[in-house]
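Participant: Turn these sequences into a full structure, and let the hints guide you.
Taken in order, these protein sequences are the chains called A and B.
Count the first sequence with numbering that gives the first Met the number 0 and you get residues 0 to 133, in order.
Count the second sequence with numbering that gives the first Met the number 0 and you get residues 0 to 352, in order.
Since the hints were made in silico from the structure, they are not lab data.
Wrong hints could be hidden among the right ones.
What the hints assert, rightly or not - Computed list of lysine-lysine pairs in DSSO-like fashion (alpha-carbon distance at most 27 Å, straight line): (1) A:K103 - B:K248; (2) A:K62 - A:K75; (3) A:K62 - B:K196; (4) B:K156 - B:K134.
To be verified - Away from chain B, derived, C-beta distances all over 12 Å, residues of chain A: (5) Y76; (6) G126; (7) M127; (8) I129; (9) W130; (10) M133.
Every residue, glycine too, gets a C-beta built ideally from N, C-alpha and C.
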Amino acid sequence: MSDIKPVKDEGDTIPFYPDHVITEAKVVLGIVILAIIIGIIGSFAPVGVDEPANPLLTPAHVKPEWYFLALYQLLKYVPQTAGVVSIVLAVVIAALWPFIDRKKETTTKARNIRFVITVIGVIVVIGMTIWGGM
Amino acid sequence: MTHYKNIFSKRSRTVILFAAILIGVLLLAVATHQVMANSYLDENSSTTSSDPNWSVVENSVAVLNTEPENSVKGERPATVPAPEQSPCLSCHITGSNAGLWTPLARWVLFGTMGLIFVFGIVKTGTVIVTRSPWKPLTNRGVEWVDERYQLSEPMAKILSKPVPKFALHWWYCLGGITSFLFVVQAITGIMLAFYYKPTPEAALASIQYIETQVRFGSAIRAIHHWAANGMIVMCIAHMLRVFIMGVYKAPREMNWVSGFVLLILTLVFGFTGYLLPWDQTAYWASTVGTSIGGAIPIIGDLVLVFLRVGWDVTGETLSRFFALHVMVVPIITVVFMVAHFFMIRRQGIAKPL
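Facilitator: The structure is reproduced here in structure tokens:
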């Protein structure tokens with residue numbers, strides 16, 4: 000509980016209402032305007048649909064949604080059972096990561112290492128996604 | 000009650016400016032939508048092979064507009080005849096029934112004028128009778144609620160909670176953007192659900208109907224489509240921000256876990272929603288996706304049968320994915336979001352190194 004330090008110094012804080020609420024309201028208005036612009040573009044060029052589903056006719060290039068493309072590409076090149084087991088394990092480890100990495104941090108060294116790991120990971124996943132989409 | 004004063008301060012001018020821009024864009028959208036939709040239909044009415052099959056919709060509308068067969072003269076109809084009604088069943092949706100909105104517009108205009116008139120009489124009369132200055136309606140409302148429920152003290156405590164200044168950096172907005180996109184998805188999703196039919200025969204035709212006939216249908220579907228992708232991107236960006244800063248550590252472990260569950264739920268949203276158009280892309284993407292789940296050792300077959308309701312993707316799968324997409328997953332998501340926000344509120348925003 001020692002980590003929860005109520006901020007005493009008024010100079011470092013702003014009140015939740017109205018300052019913080021108004022800041023959030025600006026973000027919300029920005030998203031709403033963006034959504035309306037998307038809607039206007041969508042009126043010009045609807046998202047559209049493909050041919051009706053035909054279970055008897057497999058298309059030449061079967062692809063999952065874009066956010067599963069990296070996984071799909073991985074499963075093409077590793078044995079399927081091993082690949083799926085490693086993915087499930089990775090998800091479980093990621094979900095319980097705070098219970099694994101419990102070390103208290105006093106310097107920014109660990110943060111920099113995590114930053115580099117994340118950047119490399121994101122580049123690899125984006126690369127796999129583009130490769131899987133081709 | 001000093002907290003309520005600031006809402007008309009200088010700071011809120013920016014908000015009012017944003018709102019004016021928003022209203023302007025909305026009016027522009029209303030004014031131009033019909034023209035744009037018509038021009039799109041004119042350009043794409045020639046049937047090329049890549050175009051969607053618009054004739055499905057036209058036929059379904061034509062069937063709706065024809066007379067029933069058993070209304071032959073001289074012969075007694077087998078069923079009770081339908082009451083007299085407008086021959087065009089979809090005119091109120093397509094906007095071609097121009098007179099439909101006029102009564103509502105008149106009610107709103109003259110009703111507002113009448114209310115202002117009544118309010119003026121009441122205000123003047125009260126001031127004359129009680130010989131005391133007029134209290135604004137908002138103050139009266141606040142006092143009325145406060146007399147009964149004593150809300151002003153806890154509300155003031157909640158609203159005046161100090162927020163650290165470093166939380167105004169843009170990367171602290173990612174989680175908030177995700178949650179607002181969820182609200183956008185809920186609203187547009189309910190709008191689409193009014194016209195969508197979750198059966199293999201009608202699903203594709205109902206989506207073509209939404210895109211061609213329903214007013215703002217294609218706009219709403221485009222917002223739902225792109226905000227879904229944006230929600231996944233923002234969710235992952237928020238998670239990476241938390242990971243890099245290392246703010247998932249004690250005492251905030253359960254916040255990370257609940258956020259991770261929310262990421263999985265967002266992916267389930269995307270996965271189940273992708274099948275709903277029931278076109279070739281959706282069908283085969285779902286086939287591939289569920290087969291990945293089926294490759295899990297030991298419980299793979301169970302997962303596959305649970306997802307597909309059988310060994311193949313069929314109409315039963317569509318019903319199940321629709322129920323998951325519009326009922327089960329939203330309820331679980333709201334529960335986890337409330338827990339997530341409650342923990343943030345109790346523990347405050349983590350201070351980075």
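Participant: Hints the structure violates: just list their numbers, smallest first.
Facilitator: Hint check: nothing fails, all pass.
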